[in-house]
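Peer 1: Sequence:
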Amino acid sequence: MPSIDIQRPHHLPLPEARAVVEKVAARMHEKFDMAGRWEGDTLHFSRPGVNGRIAVGGDTIRVHAELGMLLSPLKGMVEQEIRRKLDEYFA
650 MPSIDIQRPH
660 HLPLPEARAV
670 VEKVAARMHE
680 KFDMAGRWEG
690 DTLHFSRPGV
700 NGRIAVGGDT
710 IRVHAELGML
720 LSPLKGMVEQ
730 EIRRKLDEYF
740 A
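If you use my numbering, the sequence shown corresponds to residues 650 to 740, in order.
It is worth saying that the hints were derived from the structure and are not from the lab.
A quick note: this is a predicted structure, and the numbers were derived from the prediction, not measured.
Hints should not be assumed to be uniformly reliable.
[Unchecked claim] Calculated cross-link-like contacts (lysine-lysine; reagent style DSSO-like; alpha-carbon spacing at most 27 Å):
id, residue 1, residue 2
1, Lys734, Lys724
2, Lys734, Lys680
3, Lys724, Lys680
4, Lys672, Lys734
5, Lys672, Lys724
[Unchecked claim] Derived Cβ-Cβ restraints for the label pairs, each shown as a range:
id, residue 1, residue 2, range
6, Ala675, Asp654, 30 to 40 Å
7, Arg686, Ile655, 17 to 27 Å
8, Arg667, Pro722, 26 to 36 Å
9, His660, Pro697, 29 to 39 Å
10, Phe681, Met650, 17 to 27 Å
11, Pro662, Leu719, 33 to 43 Å
12, Glu730, Ala684, 12 to 22 Å
13, His693, Ser721, 35 to 45 Å
14, His713, Arg676, 13 to 23 Å
Built from N, CA and C at the ideal position, the CB exists for glycine as well.
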């Protein structure tokens, strides 16, 4: 299975960074019907064809996603969109 692994620095206090990730998760649920649950400072998300996590650290955000066979041809586009959103929220 193809995977995406992106890490970005951020300068927000941890609670604010978590709030931003929560906002993104709400949008992912609304737009893609993606379920999410928090374990500590890591948001685990899934839907058919993708499983992943967003780990919120004191100074970094790390996104890791495993794409199923149907989404594997779209890996480049999905990765580009994740990078764009990270830049938008954490630049």
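Peer 1: Look at each hint and say if it fits the structure.
Peer 2: Status of the hints after comparison with the structure:
With a C-alpha separation of about 15 Å, the suggested pairing of lysine 734 with lysine 724 holds against the 27 Å cut-off. Restraint check for lysine 734 and lysine 680: satisfied, since their Cα atoms lie roughly 14 Å apart, inside the 27 Å limit. Under the criterion of a C-alpha separation no larger than 27 Å, the hint pairing lysine 724 with lysine 680 is consistent with the structure, at around 18 Å. Between lysine 672 and lysine 734 the CA atoms are separated by roughly 12 Å; this keeps the pair inside 27 Å, and the hint holds.
At roughly 23 Å between alpha-carbon atoms, lysine 672 and lysine 724 fall within 27 Å of each other, so this suggested pair holds. At roughly 23 Å, the beta carbons of alanine 675 and aspartate 654 sit outside the given window of 30 to 40 Å. Between arginine 686 and isoleucine 655 the C-beta distance comes to about 21 Å, which sits within the given range of 17 to 27 Å. Taken as a hint, the range 26 to 36 Å holds for the pair arginine 667 and proline 722, whose Cβ atoms sit roughly 33 Å apart.
For histidine 660 and proline 697, the hinted distance range of 29 to 39 Å is satisfied, since their beta carbons lie about 36 Å from each other. Take phenylalanine 681 and methionine 650: their Cβ atoms lie about 18 Å apart, and the range 17 to 27 Å holds. Evaluation of the 33 to 43 Å hint for proline 662 and leucine 719 yields a pass: the beta carbon distance comes to about 38 Å. Between glutamate 730 and alanine 684 the beta carbon distance is about 19 Å. The supplied range of 12 to 22 Å therefore holds.
Remark: the range hint 35 to 45 Å for histidine 693 to serine 721 is contradicted by a beta-carbon distance near 21 Å. Checked against the hint of 13 to 23 Å, the C-beta distance between histidine 713 and arginine 676 comes to roughly 19 Å, which is consistent with it.
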